[in-house]
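Protein chains: 2
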Amino acid sequence: MMTTVQEAEKLILAQLRDYSTENMGFEQALGRVLAEPIKADRDLPPFNRVTMDGIAINYAAIEKGISTFKIKATQAAGDEPAAIEELDECIEIMTGAVMPASVNTVIRYEDVEIRAGLASLHTRDIKPGQNLHLQGADKKDGDTLALPGQLITPAIISLAASVGKAHLLVKNVPRVVIISSGDELVDVHQTPSPYQIRKSNSYTVKAVLRLHGLKPDIIHIPDDPEVTRQQIQQCLQNYDVLLLSGGISMGKFDYIPQALEDLQVKKVFHKVAQRPGKPFWFGRHQSGILVFAFPGNPVATFMCLHKYFLTWLSATLGLAEQAPLYAVLDSDFSFQPPLQYFLQVKLQSNAQGLLMAKPIEGNGSGDFANLADTDAFLELPLERNDFRKGEVLRVLRFD
Amino acid sequence: MMTTVQEAEKLILAQLRDYSTENMGFEQALGRVLAEPIKADRDLPPFNRVTMDGIAINYAAIEKGISTFKIKATQAAGDEPAAIEELDECIEIMTGAVMPASVNTVIRYEDVEIRAGLASLHTRDIKPGQNLHLQGADKKDGDTLALPGQLITPAIISLAASVGKAHLLVKNVPRVVIISSGDELVDVHQTPSPYQIRKSNSYTVKAVLRLHGLKPDIIHIPDDPEVTRQQIQQCLQNYDVLLLSGGISMGKFDYIPQALEDLQVKKVFHKVAQRPGKPFWFGRHQSGILVFAFPGNPVATFMCLHKYFLTWLSATLGLAEQAPLYAVLDSDFSFQPPLQYFLQVKLQSNAQGLLMAKPIEGNGSGDFANLADTDAFLELPLERNDFRKGEVLRVLRFD
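So the sequences go chain by chain: A and B.
Counting with the UniProt record's numbering, you get residues 1 to 399 for the letters of the first sequence.
Counting with the UniProt record's numbering, you get residues 1 to 399 for the letters of the second sequence.
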């Protein structure tokens, strides 16, 4: 029995690792995973904060019918609080200023006429305590604002800045090397012979990983058993994860399986009941190093990278689990082989709030030109062959 | 009449700019906007490509009942094609290899037994032309694979690599400066007095812009009219867009409006019928430089940045317009003021394929701690006050 997609995922998630943490400037931490809580270092807001430019009065004056106030002082944001002594006095006060203790109500400029040091009210619609954001209304000193395992988004950067966390403790990411192989591949700037093609998978994988905060290296291994062995050995010394694209088939010139065996990388599984990506191989070294060997064709590599490696990466970094995404199949679709099919789709939100998945089929898993027109794989379960328009299925979105 | 959200958007989109293009290494171009088409430099695949390891035969042999073949040659991916001369000959051939002209069908290793230079078939289930990906099946030489205006995703990186585009022409992005002001703000690593707070908006804006491929600078202007004027003047010399957070209110110590007026930055509009973000100011200099002056409170700045600046940026870069996103309001919600309300929500896909929007209200627009718990603003139209659970509304997703 071939490994199912669900079993493969489970076996991979049984291999979580801890790559420790590192401390870095809070701006650099964008896109990384938080490894410490962020706590309020004082109440938020830290004081009763004025939210409108205008005048501050004691509301008792309104109750007494006072409608003209002597301007006792002017107070900007950042200034020490001023004070009034009499009910017919006011403070001209700016947004962001600390509300002084002797006043309790702010009336905005639009409702006031100011002339010769006097402020006269234009309105009777005044409530006590208006135009204030009260100390601690959002959070109290010591409250937790963000938890470990949180992706560091711009909103988290904002929180960190607000509470003075100029450095953040973040999860270390694994050192990843992307390995391509085979003399049929030439590099991007080279001209392939009529029998060769250009290397593209490694760059695709690297681009996806960069979007997820990793800085992988790329190497290419030629079709030579000794060189293959040496290079894989070096990779096992220098990296936490090896991502291979191609080279794991039964082909005569695929020296990588032998090199992995010689170097004590044990197979966890080989072949998954899925299309694309059936020849996917996953193994581990006793040191803990993991090897994801994706099939050589571009769509298979792309799918396996998102379905397996990124899922493993999120789990290993302790990133809070993402809720599953569902979409509605937009046309009938049949698929006979006993494999879980990952159908390339274009997602679109409709005016009913439904996420619709429109199949955009290329010419099989070798057709990478099709990837650019799609943004997700719809997961068609193994047990069935016929899928109807309107069915709701799980979606694997990609970058 | 206050400017509506729709009018504001229209006025901003009337100010598109062309910042020209630049050529860069294809890997660096990730996240940028493509400014040239990517075309196939040969057929894709470039030859009839073998998709399984096994043996290649002429199907005429099967029709004649031949089931054992002499192995005439072995051909790996990247090799020059071999040839057979007789029908009872075969070529041992690897995935990715060029299919030789003298054969037309590939039988995978699993269906063959190889011994002493002979390959015997295990199966009768053989179709002519099987296990081949035919030349030009995906794209023809000269076909366009990606168009200008396409965001450069990993899939586009893949296409570029495949066709040998080691450099890509991309849209230049505007030079942006983020300006904060006011003596009440101190920097992240400083300790605020009891009347001050830390600068956070600038860092939030910078983080969002970095996710969109920009590299903005940050400056802070103190409460001093002459310094304000000088610094704004310098910004008008060095940048294409000024993004201000705060400093545009009617406050006595807001020197920025005067400086902008003195420096010939003309107001396009001031105040939009929205919450948060009502005091939003937008203007332009005759040189073409644009000034987005967001209100000082964090949620307002965050909303305006996504709703207005990023929409303008996408349009200015010629990025293909994104389809609108809709979600279902998950509980009743009322909002009385005559303003378009941008409700903070957490989106979640449900098992019916509906995108549900759960309101997560903070304590108004000063409550930035709430932003980290949400991922979108639901746009509640100006014309209505009561919204019911189950209504479908437009969503502004954020990073």
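For the record, the hints were derived by calculation from the structure and aren't laboratory data.
Please read all numbers here as calculations on a predicted model, not as lab measurements.
We treat Cβ as the ideally placed atom computed from N, Cα and C, and that holds for glycine.
Any given hint might turn out to be false.
Stated by the list, open to error - Below 30 angstroms or equal to it, Euclidean Cα-Cα: the simulated DSSO-like pairs (lysine-lysine) are: (1) A:K346 with B:K389; (2) B:K140 with A:K278; (3) B:K358 with A:K358; (4) A:K140 with B:K140.
Said to hold, decoys possible - Label-pair ranges, simulated between beta-carbon atoms: (5) B:Q336 with A:T4: 51 to 59 angstroms; (6) B:E383 with A:L13: 44 to 52 angstroms; (7) A:H285 with B:R175: 43 to 51 angstroms; (8) B:E80 with A:K278: 42 to 50 angstroms; (9) B:I360 with A:V227: 36 to 44 angstroms; (10) B:G288 with A:F269: 30 to 38 angstroms; (11) B:Q336 with A:A101: 27 to 35 angstroms; (12) B:F269 with A:A116: 49 to 57 angstroms.
Structure-based check of each hint:
Proximity of K346 of chain A to K389 of chain B is assessed by CA-CA distance (about 28 angstroms); at most 30 angstroms being required, the pair is judged to hold. Of the pairs offered as hints, the one joining K140 of chain B and K278 of chain A holds, with about 28 angstroms between alpha carbons and a cut-off of 30 angstroms not exceeded. About 26 angstroms separates the Cα atoms of K358 of chain B and K358 of chain A, which keeps this hinted pair within 30 angstroms; it holds. Of the pairs offered as hints, the one joining K140 of chain A and K140 of chain B is violated, with about 64 angstroms between alpha carbons and a cut-off of 30 angstroms exceeded.
Taking 51 to 59 angstroms as the suggested C-beta distance range, the pair Q336 of chain B and T4 of chain A conforms, at roughly 55 angstroms. In this structure, E383 of chain B and L13 of chain A meet the distance hint of 44 to 52 angstroms, their C-beta atoms being roughly 49 angstroms apart. In this structure the hint that H285 of chain A and R175 of chain B lie 43 to 51 angstroms apart at CB holds, the actual value being about 48 angstroms. The given range of 42 to 50 angstroms is broken by E80 of chain B and K278 of chain A, whose C-beta atoms sit roughly 29 angstroms from each other.
Restraint check, I360 of chain B to V227 of chain A: a C-beta distance of roughly 56 angstroms breaks the suggested window 36 to 44 angstroms. Taken as a hint, the range 30 to 38 angstroms is violated for the pair G288 of chain B and F269 of chain A, whose Cβ atoms sit roughly 59 angstroms apart. At roughly 32 angstroms, the beta carbons of Q336 of chain B and A101 of chain A sit within the given window of 27 to 35 angstroms. Roughly 33 angstroms separates the CB atoms of F269 of chain B and A116 of chain A, a value that falls outside the hinted 49 to 57 angstroms.
Comparing the model with each numbered hint stated earlier shows that hints 4, 8, 9, 10 and 12 do not hold.
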